[in-house]
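Generate coordinates for the entire structure from the input sequences, incorporating the hints supplied.
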Amino acid sequence: MEIGLSHYLVLSTILFAIGLVGVMKRKNLLLLFFSTEILLNSVNIAFAAISHYYGDLTGQMFAFFVIAIAASEVAVGLGLLIVWHKRHNNIDLDTMSSMKG
Amino acid sequence: MELFLYTALFAPFVGSLFAAIFGASPKTIIAGIIPSILLGVSLLSSTVLLVHVLSTGEAVHVEMMTWMHTGNLYIPFGFLVDQVSVTMMMVVTVVSTVVHVYAIGYMSHDKAFNRFFAWLSAFVFSMMILVMSDNFAGLFIGWEGVGVCSWALIGFWYHKESATWAANEAFIMNRIADLGMLIGIFLVYWNTGTLQYHEAFEAMKHLDTGILTTIGIFLFIGAMGKSAQFPLHTWLADAMEGPTPVSALIHAATMVTAGVYLVVRSNELYSLIPNVGLFIASLGAFVAVFAATMALVNRDIKRVIAYSTLSQLGYMFAAAGLGAYWVALFHLMAHAFFKALLFLGGGNVMHAMSDELDPFKMGGLGKTMKATMILMTLASVALAGLFPLAGFFSKDMILEAAFSEHHFIIYTVLLFTAGLTAFYSFRIIALIFHGEDRHTALGFHPHEAYPFMIKAMIPLAILAAIAGFARPYYFDMVIAVLPETEYHIHSAMTYWTMTIGTQLFVIAAIYFAYKKYMSSDIKVPDGTSEMENSFKYKLLINQYYIPYFYEEFLVKPYRALSRVFWKDIDMKIVDGTVDGIANIIYNTGENTRGMQSGNLSTMLKWMVAGLVILLSLAVIFGLTVKYSGV
Chain A
13 MEIGLSHYLV LSTILFAIGL VGVMKRKNLL LLFFSTEILL NSVNIAFAAI SHYYGDLTGQ
73 MFAFFVIAIA ASEVAVGLGL LIVWHKRHNN IDLDTMSSMK G
Chain B
3 MELFLYTALF APFVGSLFAA IFGASPKTII AGIIPSILLG VSLLSSTVLL VHVLSTGEAV
63 HVEMMTWMHT GNLYIPFGFL VDQVSVTMMM VVTVVSTVVH VYAIGYMSHD KAFNRFFAWL
123 SAFVFSMMIL VMSDNFAGLF IGWEGVGVCS WALIGFWYHK ESATWAANEA FIMNRIADLG
183 MLIGIFLVYW NTGTLQYHEA FEAMKHLDTG ILTTIGIFLF IGAMGKSAQF PLHTWLADAM
243 EGPTPVSALI HAATMVTAGV YLVVRSNELY SLIPNVGLFI ASLGAFVAVF AATMALVNRD
303 IKRVIAYSTL SQLGYMFAAA GLGAYWVALF HLMAHAFFKA LLFLGGGNVM HAMSDELDPF
363 KMGGLGKTMK ATMILMTLAS VALAGLFPLA GFFSKDMILE AAFSEHHFII YTVLLFTAGL
423 TAFYSFRIIA LIFHGEDRHT ALGFHPHEAY PFMIKAMIPL AILAAIAGFA RPYYFDMVIA
483 VLPETEYHIH SAMTYWTMTI GTQLFVIAAI YFAYKKYMSS DIKVPDGTSE MENSFKYKLL
543 INQYYIPYFY EEFLVKPYRA LSRVFWKDID MKIVDGTVDG IANIIYNTGE NTRGMQSGNL
603 STMLKWMVAG LVILLSLAVI FGLTVKYSGV
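In the order they appear, the protein sequences are chains A and B.
Using our numbering, you'd call the opening residue of the first sequence number 13 and step up by one each time.
Using our numbering, you'd call the opening residue of the second sequence number 3 and step up by one each time.
No lab work stands behind these hints, which were simulated from the structure alone.
Take these hints with a grain of salt, some might be off.
Unchecked claim - Here are some chain B residues the structure puts well away from chain A; computed CB gaps all over 12 angstroms:
#: 1; residue: VAL50
#: 2; residue: PHE220
#: 3; residue: ILE376
#: 4; residue: SER630
Unchecked claim - One-sided and incomplete, this derived list gives chain B residues near chain A with beta-carbon spacing under 10 angstroms:
#: 5; residue: LEU602
#: 6; residue: LYS607
#: 7; residue: VAL610
Since the model is a prediction, treat every value here as computed from it, not as a measurement.
Virtual Cβ for every residue (Gly too), placed ideally from N, Cα, C.
The following block contains the structure:
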């Protein structure tokens, strides 16, 4: 069986769903970052696959942008995470409610 | 001359502002003296202007500044002192100066002495704008200014329910009429393209009679309100709630004469529409007799004098309506002097009697208040129109005008009214000053007013006595701007019969009044006598039931209607809508605030939910577009 566009897209959708569930369910900030990475990378797979399917490089370029931005986001996020951990000694999402109105 | 013009106009304003500085502080005598002096200055400036107009025969016309200038509309703050306005300025300043000086004494025990002078001077200032303006817009400013000041002064003792009621009544009645006035002014502008008197009247000569009639009627409605003509007359008698100097000012110089002034000023318009003129004259004659009958029985000296004003205004309108504008203006002037005198005398009596106004409770005051008695009797003689006082010359001229214009019904009505006038004037004189002493038994200890108050009244007395002789000179002066209508009864025989007949009729009425009300068996009426229970008396004392009619058929339905609008339409529909919208938003917030738990995880769930909803919508929308065949 040849692997076609639809396989990639199904993979992308499955990964996106996993990421989404992770975003909703995980209470650990670090795992939340993992889930966001999965979300972003599922989109990257879709971009790359569709770009290849149409023979247009724009989608792959876009995927690179996403990777770059994801890397910087994680860099900032992890920085904040370490600071938070130093102060509160945990990274549980439920304790982070100082923004409650 | 410009300097004198501005001085005459703005001196009362400065006086008003000066008194207003002390407005909230307790009585400061200087707040009364400075406005009075400034009004004296205004009087002197007006006199200079009068001499100038008399000697050169030229009007002084200045444009202080542009008020409105957009497109074709050009309204300046322009002032015109011609033969007509200089007469009004003299009347206004003479009477106002006297009233100001008098009020220093009259109001000396009042807590709000300073406030009184601030409003009184503002009142005069508004009237000066009204008479001096050279266009309808300026006239209207003064017109409204007079309305506001009269409201504040009639309701001066605002802690009295009746005073605030009377003030509001006067104000509202005037607003009704002002709507007519405003429509009239709009029509003038619409049809002539200008509001300057001179140009507007010039342009009116080429207008259609129908339009002119409409303009004339609407302007006259304005005049009817200010001059308290039927059916807008009820406020005038109720306005007696104000302090007496205010009544003197309203009735003699400012306010009520404004309507007559407007008709005289618009003489070029009314000359073109004699039918409206005839209507004005008929209404005037009707009001003259109508008010005089009400004055016959009233038991309040100020109200009697108020009805007499109403009656005399009727005379003025009768003259103006018949085209005898200069006669109307002359009667206005003569009337201002003796009516102000009568009111100020009435004020003395009121003070002496601790604000008691029922003449039946007085009697024999002549012994203690000789000067007031002489002044009031003089004023009443002038009002009754006996030779040689001012009233004779002016009123006789109106009768002659009606006679020689062949309006015999108007003539008869006015002649009859002259008799009534004499009767009611001397009825109160006899009741107040002569006859048995009835006040001591009721516990009153009358005293004469301050000497300076009496002295302040003397100039008015002199003018009331001699102003009539100025008639020929006056005629020569005003014909420069007013139609030269002289009335000559063809046969000398008829003329003398009429004049002497009128005089005898008036004397008979006076004699009858004295005879009836000086007798020793006059008692304070207690509602039991036969006369008091007669239909005629009831009709007259209740002012022909017109206030009652207004109350029942206008005020009450209006109140009911307002209540419906308030309770049902405003509170239920309008407020309901606004409150409903607010409630929806409030409840939405209340119910959804649970979302903002501050928990990142919950928020992310909501974000996902939002994403799912938006995606679904996008898909549904996309499918719809795809299959709808667009």
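Outcome of the hint check:
1. With a minimum CB-CB distance of about 77 angstroms to chain A, B/VAL50 clears the 12 angstroms threshold, and the non-interface call stands.
2. Against chain A, the non-interface label of B/PHE220 holds: every CB pair exceeds 12 angstroms, the least being about 63 angstroms.
3. With a least CB separation of 86 angstroms from chain A, B/ILE376 remains clear of the 12 angstroms interface cut-off, as annotated.
4. Non-interface call for B/SER630 relative to chain A: holds, since the shortest CB-CB distance, roughly 27 angstroms, exceeds 12 angstroms.
5. About 5 angstroms separates the beta-carbon of B/LEU602 from the nearest beta-carbon of chain A, less than 10 angstroms, and the hint is met.
6. Annotation: B/LYS607 was flagged as interfacial toward chain A, and the flag holds, the nearest CB pair being 5 angstroms apart, inside 10 angstroms.
7. Taking 10 angstroms as the C-beta cut-off, the interface hint given for B/VAL610 holds, the closest approach to chain A being about 6 angstroms.
Checked against the numbered hints listed earlier, the structure breaks none of them; every hint is satisfied.
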